[in-house]
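Enquirer: In this text, residue positions in the sequence shown follow the numbering used here: the first is 14, and each later residue adds one.
No lab work stands behind these hints: they were computed from the structure.
For every residue, glycine included, the Cβ atom is placed at its ideal position computed from N, Cα and C.
Certain hints may be false.
As the list claims (entries may be wrong) - Restricting the straight-line Cα-Cα distance to at most 25 Å, the calculated cross-link-like pairs of lysine to any residue (SDA-like) are:
| hint | residue 1 | residue 2 |
| --- | --- | --- |
| 1 | Lys100 | Leu36 |
| 2 | Lys104 | Ser23 |
| 3 | Lys100 | Arg132 |
Said to hold, decoys possible - Each pair of labels, with its calculated beta carbon distance range:
| hint | residue 1 | residue 2 | range |
| --- | --- | --- | --- |
| 4 | Met112 | Arg231 | 44 to 50 Å |
| 5 | Glu191 | Ser49 | 32 to 38 Å |
| 6 | Met192 | Ser252 | 17 to 23 Å |
| 7 | Val28 | Glu266 | 43 to 49 Å |
| 8 | Asp30 | Met112 | 34 to 40 Å |
| 9 | Glu236 | Gly206 | 16 to 22 Å |
| 10 | Glu200 | Ala118 | 29 to 35 Å |
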Amino acid sequence: MLDIEFAQASDCGRVRDHNEDYLGHFAPANKGEIRSRGWLFALADGVGGQEQGEVAARLAVETIVAGFREAAPDDSHFTLLPRLVQKANTKVFEAGLSMRPGGLAMATTLVACAVRADRAVISHVGDSRCYLVRRGSAEAVTRDHTAASEQLRLGLLSGREASTASSRNLLTRSLGTEMVVNVDTVERQVIPGDSLLLCSDGLHGPVTPADIGVIVTRRVSLEDAVRELVELANRRDGSDNVSVLLIRVSQVERVGMYRGRPYKLA
Numbered sequence: 014m015l016d017i018e019f020a021q022a023s024d025c026g027r028v029r030d031h032n033e034d035y036l037g038h039f040a041p042a043n044k045g046e047i048r049s050r051g052w053l054f055a056l057a058d059g060v061g062g063q064e065q066g067e068v069a070a071r072l073a074v075e076t077i078v079a080g081f082r083e084a085a086p087d088d089s090h091f092t093l094l095p096r097l098v099q100k101a102n103t104k105v106f107e108a109g110l111s112m113r114p115g116g117l118a119m120a121t122t123l124v125a126c127a128v129r130a131d132r133a134v135i136s137h138v139g140d141s142r143c144y145l146v147r148r149g150s151a152e153a154v155t156r157d158h159t160a161a162s163e164q165l166r167l168g169l170l171s172g173r174e175a176s177t178a179s180s181r182n183l184l185t186r187s188l189g190t191e192m193v194v195n196v197d198t199v200e201r202q203v204i205p206g207d208s209l210l211l212c213s214d215g216l217h218g219p220v221t222p223a224d225i226g227v228i229v230t231r232r233v234s235l236e237d238a239v240r241e242l243v244e245l246a247n248r249r250d251g252s253d254n255v256s257v258l259l260i261r262v263s264q265v266e267r268v269g270m271y272r273g274r275p276y277k278l279a
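Starting from the given sequences, assemble the full structure and let the hints guide the process.
Expert: Pasting the structure below:
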């Protein structure tokens, strides 16, 4: 049966006086829910420069967690998560419209990860990331929705140029700016010993995948690993809020897939 543990931290950083990041999760209550629903983790980063970014981030996470809790057992995570992200987008968009005549600019990034059996499904909008850490190596399984990332994909910038370009912080997608948003969703098989790390750009900006792989693998305690990552981000930069949600997979239940639904393998 799936067995995981997790730790999280969110810090204002060294410059800002308030935190526009928000984290949340759904934990199954028993073995039946572990098999039928699994776990959900979500992280949002309210868009800087927009009004009420912290409100948008909290609303997005609370909407997706509540929707996951209310979803039908055994629902396909690959179709459920993007639906819930769309629902969160609608909630943030409508909240902005209702706050004052003409609407209030509210926006946030969102990355959500659902884990069940031996699969992790990740949906995201914006530049908050998910990494898969395996055998000391961290791989980003999400692609930033930023101008620099698009320029990199088109071959207009090199990887090094994209990492330092002024357009690296210019979002091309976020929740709440339009009535409908394009959601990216990926699925990965997980094995015992894997870790999944969700983070805001306050972490992945100054902290490299190599750093993440080393720290997550070296630290036995997830709390210590999260603390070290936040401290490193603040030491190297600290100009933004820093949030980390770290999930470690101790045991999985092998499954097959039929028409998008899992079944247990003998």
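Enquirer: So, for every hint listed, does it hold in this structure?
Expert: A quick look at each hint next to the structure:
1. Lys100 - Leu36: The given pair, whose Cα atoms are some 17 Å apart, holds under the 25 Å limit.
2. Lys104 - Ser23: holds (23 Å)
3. Lys100 - Arg132: holds (23 Å)
4. Met112 - Arg231: 44 to 50 Å: Cβ of Met112 to Cβ of Arg231: about 46 Å, so the range 44 to 50 Å holds.
5. Glu191 - Ser49: 32 to 38 Å: Holds - the Cβ-Cβ distance for Glu191 and Ser49, about 34 Å, lies within 32 to 38 Å.
6. Met192 - Ser252: 17 to 23 Å: This hint is violated: roughly 32 Å between Cβ atoms.
7. Val28 - Glu266: 43 to 49 Å: Given a distance of about 44 Å, which is inside 43 to 49 Å, the answer is holds.
8. Asp30 - Met112: 34 to 40 Å: violated (22 Å)
9. Glu236 - Gly206: 16 to 22 Å: holds (18 Å)
10. Glu200 - Ala118: 29 to 35 Å: The hinted range 29 to 35 Å holds for Glu200 and Ala118, with Cβ atoms some 33 Å apart.
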